[in-house]
Structure formats: C-alpha cells, structure tokens
Amino acid sequence: MVFAQVSGDVEKTITGGTLKVATAISVRNLRKVYPGQPPVVALADASIDIKDNEFFTLLGPSGCGKTTLLRMIAGFEHPTAGSLTMHGENLLELPPYKRPVNTVFQSYALFPHLTVAQNISFGLEMLGKPKAEIRQTVDEMMALVKMTEMADRQTGQISGGQQQRVALARALAPKPRVLLLDEPLSALDFKLRKDMQLELKRLQMETGITFVFVTHDQEEALTMSDRIAVMNAGEIRQIGNPRQIYDQPAERFVADFIGDTNFLPAELIETAGQTATIRLSSGKQIAARAAESGSQKGKVTLAVRPEHASIGPEAEGLLAGTLGEVVYFGTDTHYHVALEDGTGFVVRQQNRPDATAQFSSGDRVGVHFAPGIGQVLKD
Amino acid sequence: MADLSSAAETRASRRRWLLLAPALFILVFAAAGPLLITLLYSFLTPGDYGGVEWQASWQAWFNVVMERDIFDDTLGWSDAHLSIFWRSVKLSLMTTVLCLFFGFPTAYFIATRPKKQRDLWMLLIIIPFWTNLLIRTFAVVELIRAEGTVNTLLIWLGIIDTPIQMLFTEFSILLGMVYVYLPLMVLPLYASMERLDFSLVEAGYDLYATRLKVLRRVILPLVKPGVIAGSILVFVPSLGAYVTPRVMGGGNQLMIGNLIELQFGQGRNWPLGAALSITLLAIVMVALMAYVRAAGNQEPHRV
Numbered sequence: 001m002v003f004a005q006v007s008g009d010v011e012k013t014i015t016g017g018t019l020k021v022a023t024a025i026s027v028r029n030l031r032k033v034y035p036g037q038p039p040v041v042a043l044a045d046a047s048i049d050i051k052d053n054e055f056f057t058l059l060g061p062s063g064c065g066k067t068t069l070l071r072m073i074a075g076f077e078h079p080t081a082g083s084l085t086m087h088g089e090n091l092l093e094l095p096p097y098k099r100p101v102n103t104v105f106q107s108y109a110l111f112p113h114l115t116v117a118q119n120i121s122f123g124l125e126m127l128g129k130p131k132a133e134i135r136q137t138v139d140e141m142m143a144l145v146k147m148t149e150m151a152d153r154q155t156g157q158i159s160g161g162q163q164q165r166v167a168l169a170r171a172l173a174p175k176p177r178v179l180l181l182d183e184p185l186s187a188l189d190f191k192l193r194k195d196m197q198l199e200l201k202r203l204q205m206e207t208g209i210t211f212v213f214v215t216h217d218q219e220e221a222l223t224m225s226d227r228i229a230v231m232n233a234g235e236i237r238q239i240g241n242p243r244q245i246y247d248q249p250a251e252r253f254v255a256d257f258i259g260d261t262n263f264l265p266a267e268l269i270e271t272a273g274q275t276a277t278i279r280l281s282s283g284k285q286i287a288a289r290a291a292e293s294g295s296q297k298g299k300v301t302l303a304v305r306p307e308h309a310s311i312g313p314e315a316e317g318l319l320a321g322t323l324g325e326v327v328y329f330g331t332d333t334h335y336h337v338a339l340e341d342g343t344g345f346v347v348r349q350q351n352r353p354d355a356t357a358q359f360s361s362g363d364r365v366g367v368h369f370a371p372g373i374g375q376v377l378k379d
Numbered sequence: 380m381a382d383l384s385s386a387a388e389t390r391a392s393r394r395r396w397l398l399l400a401p402a403l404f405i406l407v408f409a410a411a412g413p414l415l416i417t418l419l420y421s422f423l424t425p426g427d428y429g430g431v432e433w434q435a436s437w438q439a440w441f442n443v444v445m446e447r448d449i450f451d452d453t454l455g456w457s458d459a460h461l462s463i464f465w466r467s468v469k470l471s472l473m474t475t476v477l478c479l480f481f482g483f484p485t486a487y488f489i490a491t492r493p494k495k496q497r498d499l500w501m502l503l504i505i506i507p508f509w510t511n512l513l514i515r516t517f518a519v520v521e522l523i524r525a526e527g528t529v530n531t532l533l534i535w536l537g538i539i540d541t542p543i544q545m546l547f548t549e550f551s552i553l554l555g556m557v558y559v560y561l562p563l564m565v566l567p568l569y570a571s572m573e574r575l576d577f578s579l580v581e582a583g584y585d586l587y588a589t590r591l592k593v594l595r596r597v598i599l600p601l602v603k604p605g606v607i608a609g610s611i612l613v614f615v616p617s618l619g620a621y622v623t624p625r626v627m628g629g630g631n632q633l634m635i636g637n638l639i640e641l642q643f644g645q646g647r648n649w650p651l652g653a654a655l656s657i658t659l660l661a662i663v664m665v666a667l668m669a670y671v672r673a674a675g676n677q678e679p680h681r682v
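Going line by line, the protein sequences match chains V and U.
Numbering-wise, the numbering used here puts 26 at position 26 of the first sequence, and it's gapless, one number per residue.
Start counting at 1 in the second sequence, then tack on 379, and there's your number in the numbering used here.
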C-alpha cells in the first residue's frame, strides 16, 4: 500500500540535534461561541499544533468542545475567532469540499442509496479522477479494510463493524492529508472496538496520514495516540504523549479523567526543580513530582495512581487506615482503604500465586508508595 | 378434537370477515360500485333530458375521440376533445413540475430550520388549506383580473399603460393550480426531508462534492420517495381539476373535468360523460405507471 507522500510539506530537518517534523494543522486561539442567553462557549481559545504523520487525539467528556474543534477543521462549523491553517494554508477560507481532509463520522454517514464500492468511490468521482484510477483505488481500499467480498452489498445489509470499515475506506480513498475521526468506535461492542483500535493504528502507520481522533474513552486515547489533548468545558487542559498525560497530569481534572487516581490532601514544604517535598496528613514527608517548579507553598493535592501504591502492615505505611472492601478482579485486587484523615484510598495490587501478606476487610493496614511517584496538582 | 378445532376455525374466519366488513363496505359502495355504474352508463344511450335510456350503444365511446361532421357526415378526429385532453395533460404536467420547482426549496428550507420552528412553517403552508377551494381561487382572480391588484400596481408604477390580460388564459389556470396544489407537494417532500440524515449531506461535502453535486447525488436520491409521492398527489388531482380551470379559465379554456361536467349538465349526454370519466381514469393510470417505473429504474434503491 503506497500512499502519495505529502512531499514538500514534510520538512524533516535536524534542528539542534532533534528531528523536527512539519506541522500539519495549526490551531491558533480558535474560539466558538453559540449565541444565546447566556452565550454558550463551545471552544475557548484553543491552540494546538498537530504534526505530520501524527496520531493526535482530542480527549474529553461530552460537551467539552472536542467535536466542535474537529468539525471546524472539517469545515462544518465556523469559528467565532482565531485561525486555522494546514501546512501554512488558511483553511477557514475554504468550503468543506475544498479542504484536503476527510472525516469518519460517528454515525458513519454511509450513503444508503449506494453500494459499498460506490460509497468508497464517491470522493474520487467528485475529485474527477479517471475511471481506471478510481477502480484501482477502490479495490485497494476494499482490500485494506478487508471488505473486497462485500463490494456490491447495500450499506444496510452489512454489520456495524463492516460499516465502520467502509466509512474508513471511503474517507481514506481520496488520500487526504489529514483524516478526522469523530468517535468512530463508540457504536461498536467491546471486542470489536479492541480489534478496530489496533486496525486503526495499523492503518495510520501504513498510510502515514495524520489522524485527528476524537474520543471520550481515555483507555482508547492512551493505547492509540502519539499525543493527546485533554479537553474540558471548551478548554484544552493538557497536551502531551500518553505517558506524560497519565504519569504527570497537569491538574486535578486531567488526573481524575484519565485513569483512576487517589487524591490526598498534603502540604508543600519546598520545591527544587521538578521535585517537591510534601508533608502528608500523617505527618510523614516524602518527595513528589511538581508540574512546574516554584509552586506555591501551602495546601496542595497529591495524586497517586492506585497501581503505584501498595498495602502492608500498619507500621510500615506512609499512611494508616482501615481496610474496607476488597474486590477481586482476576489479574489484580482492589483494596479500598479508609485513611485516618477521612479520605478514601484505593490500592490496586497485582495478584501473584506467591502472594504473602493477605489482608481482609476490617484490618488495620498501612498504605505505601515510593518517593517521587506522586504528582503535586494545582487545584 | 377435530370438531373443536374446526369450530374454532369457523369462529376465527367469521371474526375476520366482520373485521373486514367496514373496508369491504367502502370498497364496494364508494369505489367499485360507482365505477361499475359509470362504466355501465358509458355503454348506454343518452336520455332526452339527461339520464340514460337502457339501450346498449358504442356511440359514447366513439364520441370520446371521434366525431361525425354535421354537414357531410364524414368521420373525423374530434379536435375539440383532443385539444382539451392535450391541454389537461400539458397543464397538469406543468403544474407538477412547477410545484416541484417551488416546493422542493420550500420543503428543504423548512426541514433545515430548528425543530421548534418547523411546525410553525408547516402551519403557514397548511393554513390556506383550511379555506374553501373556491374562495382561494377567487382570491387569485382578484389578484390578476384586469382591474385587479397586479395590473393596478403595474399601471400605477408606470410599467404598463393598459392592463395585461392574465385571467381566462392557460397561464391563469396554471397559476391557480400551482397555488392550490403546492401544499400537496410540500407535505410529502418535507416528510422525507425531515427524515433525511443531514450528516449524509456533510459526508457529501466532506468527500469534495459541491452544493449542486450534493443535491444531485445525495439529497435527491434519498428524498426520491417524497418527490414521487408529491408528484402523484399533484398530478392526479390537477388532471381532473374542475373548479380552478372553470373559474380561472372562463368558458373557453376547458380541461377534462369541465368537459365531463358539461356532458352531465347542459350537454345532457351522460354516456359520453361516463366514457370521458373512464378515459380520464385510464390516462391517470397509464401516466402513473410510466412515472413510477421511470423513477424507480434510475438508480438501485434501498428497500
């Protein structure tokens, strides 16, 4: 599967020893306000640079503005203010049918009056490609998404997962520079969704097309993306690769939305660069990561992932508490601990056949985590 | 056991007939019956003061398209009837096309309004329907007659010196029929457009289709059932229209409906009127079959 390289625009130049890839889409202070009483701010001054060949995910709860941003890139919505460029070209001047982007819709939006093959060829026909080329591309696309045998089926006669593949093939067929995907997997059942996640990632790597993916599913975002922008209430809260987003959440919302997190009240004693020393409610001190150096001293929140903490005898723990529910999950066990200061804390421990210490509900236990593993959050 | 089940079956079948009775009653007495009587009358001889003589005759059917010259008794095509048929079909087709032309954007406009507004717009389309057809038609007459609103306005503006003769022409019949039947086109079109998934329209734009191409390749094929239904709803009553051509066309621009009325009234030729009625029915059926077939064959369509 050879795709036309987006040559010329990809400037892989060595700058200062790092490989610098050209920006595919540049979003600058993009704003969308729907008139009303009061006006609804769907997107508040969003700025993102999406790189070439990147799998970029817009992640957030429903109503956070992620779909609005995607629809503005596609051209279905017009921003109230801001700029939007693609390889330096102003996208806002172009109607949707002139933008070199294609969309995979949440509802798939396959044309019900056309067959699978006719759906895939639609964009190519509109671009006025020669017949032979259209036929060849359609064949390639159907092979790519493994739908060759379904070419002449009506779209109403194929399953949801197959419709998904056709929608993908239809959007990829015109070889867009950027593919926009609006929660494309949300209608699929769990097993199929897992398969399609891998499939999408494979397609993205094979085709080298920039993917802008919208989802509210944090696990989906973490497994597929090169970079993620976490959004809430029309604002971008953090941009980073999955590991940064998960391990170093910039703020409470991000830590809470991505994965499970324990929030502990703590006091910031001092910071040195990215490392902070904090005092827990038990009085014990420990090192933690701070998002930015020179954070305000005083009350802060410490975020600790359940799987980064462990449970043990009361005396050995940083924090003491009473063990509540113990929930067995097969691969791991979740221990719900009621800490002495009243906060709840969840420890997720992997189950091993050689597990030694066993605790049961009602036991006095200690919670422990390593220095430098907790994240100091600005509230 | 066998007796029991057969008794139950009898009861069930009696119930079925009972449930069917209202539908059968309407079909027999309101549709099939009158149609058969009309058919029968078309093969009888006209009575002297209307009604029929019970004497079999082909004369009425012969007179539908042919006539015998009063002076030299030669056979010839009935020019008067043929021109009335032609005018009826022509005006009905033009009415249908014009209703589609004006109704399509109207329906699209309404279907793309916010949900709350749509009912109000539909109400505005339907309100004229609550007024009597005759009164609505006379309202149009008032607009276009020689001393009517339009002519008065044009003269006052100095665009014309003498009134334009609009009333009692084919134009006025067409205007009246389009006005009267437009809602019948808008309603089914709106119904199918309201169900249209507008993300398909967005998908069309997304796949590089211009506005015109989205209309032709996406919207039209999807609202085709509405187009077909609307065209039938407009074409059929247009072909048999009576009031509008009578009022707007005066006495000299007859359509089939007026011709039929003439035979049952002043003409005192009930058999000819009956034969003309059956002819109208036949024209409608042939036209409908041809239209549905042509419209259905254009593209493979999802069932």
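For the record, the hints were derived by calculation from the structure and aren't laboratory data.
Please note: incorrect hints may appear among the correct ones.
Unchecked claim - In silico BS3-like cross-links for lysine-lysine, where the CA-CA straight-line distance does not exceed 25 angstroms: (1) Lys297/V - Lys284/V; (2) Lys175/V - Lys603/U; (3) Lys51/V - Lys146/V; (4) Lys494/U - Lys129/V; (5) Lys191/V - Lys299/V; (6) Lys175/V - Lys284/V; (7) Lys603/U - Lys592/U; (8) Lys131/V - Lys469/U; (9) Lys98/V - Lys495/U; (10) Lys175/V - Lys98/V; (11) Lys175/V - Lys146/V; (12) Lys194/V - Lys146/V.
Hints, one by one, checked against the model:
1. Lys297/V - Lys284/V: Holds, because 17 angstroms separates the two Cα atoms, which is no more than 25 angstroms.
2. Lys175/V - Lys603/U: Not satisfied, since the Cα-Cα distance of roughly 31 angstroms exceeds 25 angstroms.
3. Lys51/V - Lys146/V: violated (29 angstroms)
4. Lys494/U - Lys129/V: violated (39 angstroms)
5. Lys191/V - Lys299/V: Measuring from Cα to Cα gives roughly 44 angstroms; hence the hint is violated.
6. Lys175/V - Lys284/V: At roughly 58 angstroms apart (the allowed maximum being 25 angstroms), Lys284/V and Lys175/V break the hint.
7. Lys603/U - Lys592/U: The given pair, whose Cα atoms are some 16 angstroms apart, holds under the 25 angstroms limit.
8. Lys131/V - Lys469/U: Distance ~41 angstroms between Lys131/V and Lys469/U Cα, so the pair is violated.
9. Lys98/V - Lys495/U: violated (33 angstroms)
10. Lys175/V - Lys98/V: holds (14 angstroms)
11. Lys175/V - Lys146/V: holds (18 angstroms)
12. Lys194/V - Lys146/V: holds (17 angstroms)
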